[in-house]
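Colleague: If you count by the numbering used here, then the sequence shown holds residues 37 to 751, one letter each, in order.
Everything labelled a hint here was simulated from the structure, so no lab data went into it.
A couple of the hints might just be wrong.
As the list claims (entries may be wrong) - Straight line, CA to CA, 27 Å or less: simulated DSSO-like cross-link-like pairs of lysine-lysine:
| # | residue 1 | residue 2 |
| --- | --- | --- |
| 1 | Lys715 | Lys603 |
| 2 | Lys311 | Lys260 |
| 3 | Lys128 | Lys406 |
| 4 | Lys621 | Lys517 |
| 5 | Lys248 | Lys347 |
| 6 | Lys540 | Lys517 |
| 7 | Lys742 | Lys689 |
| 8 | Lys359 | Lys311 |
| 9 | Lys476 | Lys555 |
| 10 | Lys248 | Lys231 |
| 11 | Lys311 | Lys476 |
| 12 | Lys635 | Lys689 |
| 13 | Lys580 | Lys410 |
| 14 | Lys652 | Lys635 |
| 15 | Lys347 | Lys476 |
| 16 | Lys357 | Lys299 |
| 17 | Lys293 | Lys225 |
| 18 | Lys118 | Lys128 |
| 19 | Lys590 | Lys652 |
| 20 | Lys250 | Lys225 |
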Amino acid sequence: MTFLAELEQDPFDGEEFIERLAWRATNGKFDDVDLISEAFENGIKDLKAIYDTNQKKCERLEMICREEEKGHWIKVTELQQKCKDSLATFEKLDKRLDIVADKVVYLGEQLEGVNTPRMRAVEAQKLMQHFARYLETPSETLNSFEELYIENINQLFEEADIIQKLYLISQELPNNSKFDEAKEFISKKYNLIEKRLIEEFSQAQKNDDRNKMKKIASILSHFKGYSQCIDVFIEQSQMGMFLGENIFNDIVPLCVKNQKTIKEVFTNTEQVMSKFVLNIFHGKIQEYIQARINENDTRDFLTELYTLFHKTNKLIEQIAKLKFSGCDFNFLNKITRNIFNNYLDMYIQRETNYLKDKCAYILQSYYESKNHQKRPITTGGFQELIQSKIGRANINIGNLNINISNPDYTQGETFLSEEIAISILQETKMSLQRCHLLSKPQDIAQNALAIYEIELQSLCIEHIDYAIELGLQVIPSAETKSQPDIHFFDIIRQSNEICHLNEKQFVNWVLPLISSTTKYSECIKRKREVYQQMEAKLNQGLEKSIASIIGWIKYLLQTEQKKTDFKPEQGNDDIIPTSTIACNKVVKFINFYHNRITKCLDGKNVEDVLTDLGVKIHRTINEHLQQFQFNFMGAMVVICDVKEYRNCIDKFKIPLLSDLFNILHALCNLLIVGPENLKQVSNGDQLAGLERSIILSFIQLRADYKSAKLLNYLK
37 MTFLAELEQD PFDGEEFIER LAWRATNGKF DDVDLISEAF ENGIKDLKAI YDTNQKKCER
97 LEMICREEEK GHWIKVTELQ QKCKDSLATF EKLDKRLDIV ADKVVYLGEQ LEGVNTPRMR
157 AVEAQKLMQH FARYLETPSE TLNSFEELYI ENINQLFEEA DIIQKLYLIS QELPNNSKFD
217 EAKEFISKKY NLIEKRLIEE FSQAQKNDDR NKMKKIASIL SHFKGYSQCI DVFIEQSQMG
277 MFLGENIFND IVPLCVKNQK TIKEVFTNTE QVMSKFVLNI FHGKIQEYIQ ARINENDTRD
337 FLTELYTLFH KTNKLIEQIA KLKFSGCDFN FLNKITRNIF NNYLDMYIQR ETNYLKDKCA
397 YILQSYYESK NHQKRPITTG GFQELIQSKI GRANINIGNL NINISNPDYT QGETFLSEEI
457 AISILQETKM SLQRCHLLSK PQDIAQNALA IYEIELQSLC IEHIDYAIEL GLQVIPSAET
517 KSQPDIHFFD IIRQSNEICH LNEKQFVNWV LPLISSTTKY SECIKRKREV YQQMEAKLNQ
577 GLEKSIASII GWIKYLLQTE QKKTDFKPEQ GNDDIIPTST IACNKVVKFI NFYHNRITKC
637 LDGKNVEDVL TDLGVKIHRT INEHLQQFQF NFMGAMVVIC DVKEYRNCID KFKIPLLSDL
697 FNILHALCNL LIVGPENLKQ VSNGDQLAGL ERSIILSFIQ LRADYKSAKL LNYLK
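Go ahead and model the full structure; you've got the sequences and the hints to work with.
Modeller: What follows is the structure, given as structure tokens:
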């Protein structure tokens, strides 16, 4: 039993099985070969016996399977035959059913052909009996017929069906005394039943009896007062709603709730739903808008109009997404425009007038805070002045079209304010937002251009250009006898910053409204004109500022530089040469305005202005040195001066200027080299490219030029 159990283990391990067999045979002593051999032989016999037994079982099971398979095949054959017989029977039944169905349809048509005229005849007879009764009704009864006495609702439905048909018939009768009283009686009863049906509908709606509402609505759909039924439904649906301050929150839930009722009750769902929504818009929303908008205050008018129109647009988007029957986006947008039409017609005029007044007020308040009376601008000969003044410096900022005569000007005041600019830009931004929403699609670009023109006029012309004109008038002249305090660079910096803000707003708010329209080119042209005019005036101011700086440098050199600086008396050879007082003052002055320029300008503008200034400083110093004679000690002093100038100009970080002052320094070296080395130094790397006349002009400044016959050393 243990032997068989081990064979049936899952998983079966042959090696482990043999080990256990050997261990059991020898009791753990593996040195007895005979016992192991005997155990293995017995094990093999047992395995052979088990194998034979299992083999017989398999053969018996295979025989049973074959017999069962044979039986199943017999059953399958029988079932196939039965299936064929059933299919044939089904086809016969199907044909018979088609024949019977055709006969039934034929008989039904015959019965309908007989029954329909009969029913019509019965109905006509019934109507004739009722009409005859009305014909026989005395006029006294007609005059006293004020109320309708009906026992139950089913009777009301029946009476409604009859009176509606009689009413249609009565409309076809000729007008004569024979039928007049009957027609009047029918008409009066028609109106009473119609009124009663509407009352019953109203009561059913209050009780939320939708089946009854549906029945009554179906009957009333054939009456003239069907629209009154719809009106009653709409009116009662809105009872108890819109009690809060913001009615827009109640509208979508109300529409969703009543759409289900409308679908269940009315057959003409689209017409009823569209009328329901139309009633809300032309009723509650329109009343709400009229109550909120104050036309006497332009700011409140524009703000409230934008807010309400935005909320209404958001509302119609929500309703359109719900896909109510008969309430697509175009329909909703049309009724919204109708509601706001009176306000939108006058919108852009009020918008532009308000923006002009607001910007003017902002500027006026600013100038009053500075105790400055803004003066009218005069023009004259400006273009000619620009043509004569514009140089290499080129500031890429803005443009203006104004000039000022004798303004009151506070020293150091630029009359420019980023806060004021931001206020104007913010007002313009809100105007553009309103313009985008409130303008008709075909008018958006035109209206946006009108608003942007006000921005250009108020910010660029009335503020930036005005400040530039004031700044131009207080730039010290080139012949000044006191150190100039030039604040025009601050005007440039602030103008640049404000114009950057203006440009950013143009890209973010103006451009999207005009980019794909014909107004784009017109707007860009106008903007370019304004900016170019401002650039021209800024360039004029730069030229005047640089001229003032150069003028003061010349004045310092003329007044502070002495001839003895470069030609000291003999016997002072022990003194260590240093830069002169004039040089130190000039360098200090240049450093001051270098810092101011780099602080106030940016990008390529800094490089252009510093290049122009540096070239003119180089020319001024060069011309100044040409006025002196230099002995050896004086040459050492001038080299110290030029070195200071060079170090100062090197801070400009412009290679051209560094090269110019390196050459100037090399030229000054000609003042100290020995006569025998003049030719070699003159042909050095830095001086090799210069004209001989320039080199000669510096050598002639040497005190020993004639006495040492230096010209001979250059041959």
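Colleague: Out of the numbered hints, which ones does the structure contradict?
Modeller: The structure conflicts with hints 3, 5, 6, 7, 17, although it agrees with all the remaining ones.
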